[in-house]
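Protein chains in written order, with our numbering: chain Z, 1 to 112; chain X, 1 to 113.
Please keep in mind that the hints were generated in silico from the structure rather than gathered at the bench.
Keep in mind that this is a model prediction, so the values were computed, not measured.
A portion of the hints provided could be inaccurate.
[Claimed, not checked] Capping the alpha-carbon separation at 20 Å, the derived lysine to aspartate or glutamate pairs in EDC-like fashion look like this: (1) X:K80 with X:E22; (2) Z:K99 with X:E59; (3) Z:K1 with X:E59.
[Stated by the list, open to error] Listed next, with one range per pair, are the computed distances between beta-carbon atoms: (4) Z:E15 with X:Q55: 44 to 54 Å; (5) X:L82 with Z:S59: 39 to 49 Å; (6) Z:R55 with X:T3: 26 to 36 Å.
[Claimed, not checked] Going by beta-carbon spacing under 10 Å, a handful of chain Z positions derived as facing chain X: (7) Q6; (8) I7; (9) Y31; (10) N32; (11) G43; (12) T45; (13) L49; (14) S59; (15) L89; (16) Y93; (17) K99; (18) V100; (19) G103.
We put the CB at the ideal spot given by N, CA and C, even for glycine.
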Amino acid sequence: KQEVTQIPAALSVPEGENLVLNCSFTDSAIYNLQWFRQDPGKGLTSLLLIQSSQREQTSGRLNASLDKSSGRSTLYIAASQPGDSATYLCAVYSGGYQKVTFGIGTKLQVIP
Amino acid sequence: SQTIHQWPATLVQPVGSPLSLECTVEGTSNPNLYWYRQAAGRGLQLLFYSVGIGQISSEVPQNLSASRPQDRQFILSSKKLLLSDSGFYLCAWIRSARYNEQFFGPGTRLTVL
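Kindly produce the complete structure, drawing on both the sequences and the hints.
Here it is in structure tokens:
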């Protein structure tokens with residue numbers, strides 16, 4: 001059974017800092033990994049999708065890496081802004097497109 | 001472009017009452033559709049998924065059911081709500097089976113009293 005862990009559970013940083021969010025998974029036989037952000041009371045917004053054959057994906061100030069063999073992914077946020085404050089979730093796709101396992105998320109607060 | 005709608009946005013229902021939550025997708029055809037529940041402090045729990053009209057798979061046994069009467073419509077129902085059904089319900093669809101990129105609706109906040 002796939003298990004996804006996100007560390008830290010919460011993070012508070014001053015504006016402008018670069019930061020790293022971690023996601024680990026127990027079964028390395030994955031198809032894809034997807035990072036989301038969720039604002040309070042809202043749905044999930046897709047940030048980046050990394051296919052199993054890729055090592056990383058970039059979108060603006062965001063960079064996500066994937067190391068399948070070690071069961072890890074990181075989301076790097078450069079020059080953090082108060083608008084980045086949200087919960088960030090990692091989702092792992094394994095065993096078919098219906099087998100999606102989410103982490104509980106990392107709650108990020110960027111202080112102005 | 002594709003959009004996904006959910007309604008209602010919020011709902012307060014008494015224990016034992018019925019439930020119907022609706023999800024519709026625009027701008028695509030034959031999507032794979034999903035219902036999730038997110039409880040406070042917990043991760044997303046996959047409840048149901050559907051690969052086509054009338055095709056529903058359940059991930060966990062529960063007080064809920066799902067139906068897909070049309071290609072882009074997914075409905076979550078219950079005949080009698082329990083207190084434990086309270087939570088944030090999210091509908092999602094897959095861009096394509098190959099890329100497995102999910103897109104989520106805005107969610108429905110359900111409170112059972």
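Quick rundown of the hints versus the structure:
no.	hint	in the structure
1	X:K80 with X:E22	holds, 17 Å
2	Z:K99 with X:E59	holds, 9 Å
3	Z:K1 with X:E59	holds, 13 Å
4	Z:E15 with X:Q55: 44 to 54 Å	holds, 48 Å
5	X:L82 with Z:S59: 39 to 49 Å	holds, 41 Å
6	Z:R55 with X:T3: 26 to 36 Å	holds, 32 Å
7	Q6	holds, 9 Å
8	I7	violated, 14 Å
9	Y31	holds, 6 Å
10	N32	holds, 5 Å
11	G43	holds, 4 Å
12	T45	holds, 8 Å
13	L49	holds, 5 Å
14	S59	violated, 13 Å
15	L89	holds, 7 Å
16	Y93	holds, 5 Å
17	K99	holds, 9 Å
18	V100	holds, 6 Å
19	G103	holds, 6 Å
Checked against the numbered hints listed earlier, the structure breaks hints 8 and 14; every other hint is satisfied.
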